[in-house]
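Join these two chains into a complex; the hints should help.
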Amino acid sequence: MQTISLGIIDWLVIASYFAFVLGIGYYLKRFTTSESDFFLAGRKNSSWVAALAFLSANLGALELLGMTGNTFKYGISVAHFYWIGAIPAMLFLGIYMMPFYYSSRINSIPGYLKLRFDEKTRVLNGFAFAIMTLLVSGINLYAMALVMRTFLGWDWDVSMWVSALTVAVYVTMSGLMSAIFTEIIQFFLIWFGLFLVSIMGIIEIGSVQDVLNRLPESLNTLWSTTGDPSQNGMLVSWAGIVLGLGFVLSFGYWTTDFLVVQRAFSAKDLRSARMTPIIASFFKMALPFIVILAGLVAIALSQDPKSGFALLTDGGQPNYDSALPLLIQRYYPTGLIGLGVTALLAGFMAGQAGNISAFNTVWTYDIYRSVINKKASDAHLLWMGRVATVAGVLISIGTAYWAKSFPSIMDYMQAIFSWVNAPLFATMLLGMFVRWITPNGAFWGLVAGMGSSFYLFLAVKYEWMDARILTMSNVASDMAANFWRAWWAWVICFVLTIVISLFTKKRNEAELVGLVKGLTAETAGEHVPFLKRPEFFAIASVIVLVILNIYFW
Amino acid sequence: MTHTPKMRSIWYFVGLVLLTMGGLVFLAAVIDYIGGTYGNTVLAETRPGLWWGGIMLIAGVIFFVKNRNSVHD
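Residue numbers (the working numbering), protein chains in the order written: chain A, 1 to 553; chain B, 1 to 73.
Hint data in this document are derived by calculation from the structure and do not stem from the laboratory. Predicted model only: the values in this text are computed from it and were never measured. Even glycine gets a Cβ: it sits at the ideal position worked out from N, Cα and C. Among these hints, one or two may not hold up.
[Stated by the list, open to error] Some chain B residues close to chain A (C-beta under 7 Å, calculated; not the full set):
(1) M7
(2) I10
(3) L24
(4) A44
(5) W52
[To be verified] Once the Cα atoms are required to be at most 30 Å apart in a straight line, the calculated DSBU-like pairs of lysine-lysine come out as:
(6) K461(A) <-> K404(A)
(7) K66(B) <-> K44(A)
(8) K6(B) <-> K29(A)
(9) K404(A) <-> K73(A)
(10) K506(A) <-> K375(A)
(11) K6(B) <-> K268(A)
(12) K66(B) <-> K29(A)
(13) K268(A) <-> K374(A)
(14) K517(A) <-> K506(A)
(15) K66(B) <-> K268(A)
(16) K505(A) <-> K120(A)
(17) K268(A) <-> K29(A)
(18) K6(B) <-> K532(A)
(19) K268(A) <-> K375(A)
(20) K306(A) <-> K73(A)
(21) K44(A) <-> K532(A)
(22) K29(A) <-> K375(A)
(23) K374(A) <-> K29(A)
(24) K44(A) <-> K6(B)
(25) K268(A) <-> K517(A)
(26) K517(A) <-> K505(A)
(27) K517(A) <-> K44(A)
(28) K120(A) <-> K517(A)
(29) K532(A) <-> K66(B)
Bound-form chain B, shown alone (with noise of 0.2 Å):
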């Protein structure tokens, strides 16, 4: 009997992808937080890698959980 492996859902590798780059954004603007320096940007103290980041990070956790077990319809 042969095994047709099924196709991971889309849904499961736009997760992964947010999770990742999220978490690295998120982990910039942590490293920031901790040693207490900003960047020379524009609104830098409002730290947009924090807040965004973890935005992102979110999303890609909910997108990743959700569909870890999803194949592709």
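In isolation and in its complexed conformation, chain A is listed as follows (with noise of 0.2 Å):
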């Protein structure tokens, strides 16, 4: 392919984007003076402030890439990570589990095992964020690097730690306040550059059901071939998409990374707290006009001879992550090529500085002054937070040269979702709505629920063990395994969780109030109209993500 050229005008654009997020990130330095300034961005902000940016830190440039990659290779059941894979989890977090994670004022989520567990439980949880968060965060610089390389030709080592050392930059000087703001600039880029690719293509092709009407049934449905795996795109069964996705994976992910429920913990009351993950489920379900349309607009095009449009192939294999590129090239002239261009930097800058931010704060608090500096003081803890962001900066770079000479690493970037997530949330449901669950019976069934995990991805990675066996079924891809794994994971730290938990020493009820269903007064929004409440929005949210279902049953 050739590369995309850029005009003046396009590098403007670039241009502009750096020179906004350091001006901002020098900007807001005046206001970060203390260390909940810098970690938690002061908490004051507004819930819509919030949600954009707890949707925004999920919402990297390789999410873009891959989903419609995914798109082109699985159908439009890839919406399913962003319906039923999203929104009861986002849900759940905003009405059910918000307030004890608020009301507790934690800093992060390993602080609220501290609270409720102990802290073996929460330096376990912090030492496998703070791996998981470095190891993503550099595989998303790796893979930024390959794009721009890929596409348009820039130099591999440039475009890597010039990227990066500007995160550095702004998040070394405002914290999580400027990764925030670029965070909500990057959203509001995401639907600029972008979403012209999705009407572009509805314009070349006629309409939607155009799109639809040119893909085979097993692409264009999203429940209906579900009943037979070998039916639809991504060879799972509906209990499989619900399970593993719906519940397991999605709850695991939504509720307990501290990633995006940082952002949470940033809003200046209970009530904004609750609403951010209720907001941001709106723009979550208008994703896949961007990502999946997109990735049916490549469908139907490279089923069209005419059209002239192919995916790029490595080694005789389709390279799906180069649908959306190759639609930008396609589409955009000078002047937007720089927006798409800069749409997709700040998706990755924005990723980078959202897993930085929470990396800096997990190993200040429930790392560094659990184990290391149990006396340290604020002031001390700001500057700590500060040499934080920039060793996590370094060693992300570190971590992309080693995906740059060993790729096969990409592959593990889904499964380390399952590893950390997936058994953390058995706990967290059972650490919050059942008092007897004990300290012990927490810690050894996370370490199951994690180890169990680990061990099964390597056991059907290196064929000890069939995927089918995992997967119940008699077909199994990669992306149907990587849902069983989660369950399995899940099951495994539940029911070990409970059982230890019936032999161990519990914790005195009176230490937990506050922390657990049932020992904790519950006054939120009781004084707010209904038509105010949380809970109204969530029921909003539900009437829509039903509807949309049902349309592309």
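And the structure:
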């Protein structure tokens, strides 16, 4: 493929983005005077600001390219990641879990584990999260450099170092607040920079219905072909979608991953914190109109020889991630090309900033202050947060070079979430809703859940075990194996936590007030009219979710 | 007496970004239009830079003007 060439105006658009994020980081530095400002953005954001940041922290460019590519491979069923695989969990977080998180005034998810269980569970999760975050951050960086080199011909080292150091500079200056500001800017840039791809695709083909009509049934329906896994693109049954993706993976990610939940902690009060994931759910449901629709347009065009559209190939295999950049190249003239590239860059950099700001918080509070320096002052913690930011970026760059020399670690990325988040969701669920769950039950249940998920991954990868045993069906894709592995890791953690808790020492109930349902006064929204309550907006979100699923059934 | 600075609203910065980038996209399209040239992209004759850049520019102006005096809450 000929690389995309940029004109002067395209370069000006890209340069203006770098100028804005650095300028905003510098501007916000004067307002970042305490550790609370740095790690929690002063807890003064409105629900709208926190909601858009909550959504954008998850919306990296790797996800945009990957999900458009996955749509090319699996069809419209990839929309499950945005609908059943996200919305119920986001609403559950807002309605049921946020009161415990927010009211306990914790700084991080491991911080909740310390209050509810004990120090060892907190440190275990702190380390697992820190390693996961840096690994994901480095792989993102590697992916960004790969995209920029493939499509723009940019130098590998320059793209990686310039974007990583830019993130290091603005996050070091003003912490979570600058990460949140740039995430919101990224949200707008992604809509303005990439939604046009879908619009142009629809103009070229005719209508959304025309796009769907060009696809086989296995690729253009959400649920109607999930009764038999061999009949749908993902080779997964409805049970795998509901239990693995809709329940464990989704709830594990959206309710316990500190990267996203940290944004809700930055809200100014409990109602705003509860509204954060609920408002975000509406925007999450709209995202398929960028990524999925673009992927469907790409399939439709590739089936028409006259269109001249074809994916790139690597070693004879289609490069699915090339779908979105190729569509940008197809439709975007000078000026818009710069905007499209900026949207991708913004996605990469905001994703990087999100990972780094979550890492510096967990490192500083849950590892450094918890294990290394228990008497650290607030000023020292603020300094440590800045040091952790720079160190985190440098480690990410190291991971990116590692990924470059060992590309198959990209394969591990999807699996990493099922190692850490899926069992953690069982621990959190039991911890928040069952008062007799013990610290030892939680710790050993979590160890067993994480260990079993890791073992199942290796067992399938190195063929010690047939993936069909895991998925309980005659066919199994990597995606199906991911869903079911997450489910089994959750079940193992859930059952072991309960069993061990039956035989180990419980904590005094007085220590659990505010942390566990049944021991916590439920006063949230008592005097607020129903139409202004989070519950009302959550119901509206469910209605939209149902309509979308029925329409694309 | 110390003066506590007020932080500008995020929506002000969103307005500035959209205004700048939308303005540049629109400008590129206007240059093409005046020169009577099309890019070599598919559907170039619909001049997407002109209308999409215009929409972005208008959104930027609205955000910028509405929030030029607002502070971050």
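Evaluation of the provided hints:
{"no.": "1", "hint": "M7", "verdict": "holds, 5 Å"}
{"no.": "2", "hint": "I10", "verdict": "holds, 5 Å"}
{"no.": "3", "hint": "L24", "verdict": "holds, 5 Å"}
{"no.": "4", "hint": "A44", "verdict": "holds, 6 Å"}
{"no.": "5", "hint": "W52", "verdict": "holds, 5 Å"}
{"no.": "6", "hint": "K461(A) <-> K404(A)", "verdict": "holds, 21 Å"}
{"no.": "7", "hint": "K66(B) <-> K44(A)", "verdict": "holds, 21 Å"}
{"no.": "8", "hint": "K6(B) <-> K29(A)", "verdict": "holds, 13 Å"}
{"no.": "9", "hint": "K404(A) <-> K73(A)", "verdict": "holds, 24 Å"}
{"no.": "10", "hint": "K506(A) <-> K375(A)", "verdict": "holds, 28 Å"}
{"no.": "11", "hint": "K6(B) <-> K268(A)", "verdict": "holds, 16 Å"}
{"no.": "12", "hint": "K66(B) <-> K29(A)", "verdict": "holds, 24 Å"}
{"no.": "13", "hint": "K268(A) <-> K374(A)", "verdict": "holds, 28 Å"}
{"no.": "14", "hint": "K517(A) <-> K506(A)", "verdict": "holds, 16 Å"}
{"no.": "15", "hint": "K66(B) <-> K268(A)", "verdict": "holds, 22 Å"}
{"no.": "16", "hint": "K505(A) <-> K120(A)", "verdict": "holds, 15 Å"}
{"no.": "17", "hint": "K268(A) <-> K29(A)", "verdict": "holds, 20 Å"}
{"no.": "18", "hint": "K6(B) <-> K532(A)", "verdict": "holds, 29 Å"}
{"no.": "19", "hint": "K268(A) <-> K375(A)", "verdict": "holds, 28 Å"}
{"no.": "20", "hint": "K306(A) <-> K73(A)", "verdict": "holds, 21 Å"}
{"no.": "21", "hint": "K44(A) <-> K532(A)", "verdict": "holds, 20 Å"}
{"no.": "22", "hint": "K29(A) <-> K375(A)", "verdict": "holds, 26 Å"}
{"no.": "23", "hint": "K374(A) <-> K29(A)", "verdict": "holds, 27 Å"}
{"no.": "24", "hint": "K44(A) <-> K6(B)", "verdict": "holds, 13 Å"}
{"no.": "25", "hint": "K268(A) <-> K517(A)", "verdict": "holds, 23 Å"}
{"no.": "26", "hint": "K517(A) <-> K505(A)", "verdict": "holds, 20 Å"}
{"no.": "27", "hint": "K517(A) <-> K44(A)", "verdict": "holds, 26 Å"}
{"no.": "28", "hint": "K120(A) <-> K517(A)", "verdict": "holds, 23 Å"}
{"no.": "29", "hint": "K532(A) <-> K66(B)", "verdict": "holds, 24 Å"}
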